[in-house]
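A.B. asks: Make the full structure from the sequences, and use the hints.
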Amino acid sequence: DQQVKQNSPSLSVQEGRISILNCDYTNSMFDYFLWYKKYPAEGPTFLISISSIKDKNEDGRFTVFLNKSAKHLSLHIVPSQPGDSAVYFCAASMNYGGSQGNLIFGKGTKLSVKP
Amino acid sequence: NAGVTQTPKFRVLKTGQSMTLLCAQDMNHEYMYWYRQDPGMGLRLIHYSVGEGTTAKGEVPDGYNVSRLKKQNFLLGLESAAPSQTSVYFCASSFFTGNTEAFFGQGTRLTVV
Chain A
2 DQQVKQNSPS
12 LSVQEGRISI
22 LNCDYTNSMF
32 DYFLWYKKYP
42 AEGPTFLISI
52 SSIKDKNEDG
62 RFTVFLNKSA
72 KHLSLHIVPS
82 QPGDSAVYFC
92 AASMNYGGSQ
102 GNLIFGKGTK
112 LSVKP
Chain B
7 NAGVTQTPKF
17 RVLKTGQSMT
27 LLCAQDMNHE
37 YMYWYRQDPG
47 MGLRLIHYSV
57 GEGTTAKGEV
67 PDGYNVSRLK
77 KQNFLLGLES
87 AAPSQTSVYF
97 CASSFFTGNT
107 EAFFGQGTRL
117 TVV
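Chains as they are written, first to last, in my numbering: chain A, 2 to 116; chain B, 7 to 119.
For the record, the hints were derived by calculation from the structure and aren't laboratory data. Keep in mind that this is a model prediction, so the values were computed, not measured. Misleading hints may appear alongside valid ones.
Said to hold, decoys possible - Computed footprint of chain A on chain B; a stretch qualifies when at least three of its residues, placed anywhere within it, have a C-beta under 8 Å from a C-beta of chain A:
hint : segment
1    : 48 to 58
2    : 80 to 91
Said to hold, decoys possible - Below, computed lysine-lysine pairings styled on BS3-like, alpha-carbon distance capped at 30 Å:
hint : chain 1 : residue 1 : chain 2 : residue 2
3    : B       : Lys76     : A       : Lys72
4    : B       : Lys15     : A       : Lys111
5    : B       : Lys15     : B       : Lys63
6    : B       : Lys63     : B       : Lys76
7    : A       : Lys72     : A       : Lys6
8    : A       : Lys57     : A       : Lys6
9    : A       : Lys55     : A       : Lys72
10   : A       : Lys6      : B       : Lys63
11   : A       : Lys111    : A       : Lys6
Cβ coordinates follow ideal geometry from the N, Cα and C atoms, glycine included.
C.D. replies: Dropping the structure here:
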C-alpha cells in the first residue's frame, strides 16, 4: 500500500505562471518531508524540505506547504521557468521512536513548463 | 568535489549472470542507500547502510546483496540476474537519516535479457 501518493503523473504550465505539485500521505507518523527534482539521465537532486512542526517553508521561487490534518503537502513554483521542467518526487520519513528514518518516495510528477 | 559516483553507468546482462554495482562518496557520509527506479513506480529502497560494516534490508531486497567494507563505498551485488531486475539503480548518501537531504549518484541503467 502506497504511503506517499502523487496522483498527477504529469502537469503542464505556461512559463511565468505558478506550478503546483501535490502530494498526499497516509502515515501520520511521518515527521519530515522533502521534494526532489530529477532531470532525464541524472540522479534526483534535493529541492526543499519541511518539518512536520511547520506549515510552510520558502526558498526563492519554491515554497512547500504542509497540511497535517489533511495529510497533504504541495510544492509551489513561482514563476515557473522552462528549466523547471523535470520529474518532481515527494518523499517522507519518520525520525523517532527507533524508526530508521528512511525516505519513502512517491511515484513522481512530470512538470513541463512551456515557453 | 565528485559527490556520489556510480560505476558503471550502463550494463546489459544475460539472465543468470552476476555483477556488482559500485557506489563511492567523498562527503564522509555515514548513511548510504541503494534505490531502484522503475516506470510509474518512483524510487524504492533496496538496501541501506548506517555506517561502515553495517547493512540492512529496505523495501525490495530480494535478489540483491550489499557490502560496506569502507565508509566511502557501498556495493550492490546481483548474484543471478533476472529480467525483473531490469531497472535504473541509484545510490545515495547522507550525513544523517531521513531528516537531512540525501545526495544521489547519476544512476546505472541495467538491462537483463
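A.B. asks: If you check each hint against the structure, which ones fail?
C.D. replies: Numbers 2 and 3, in rising order.
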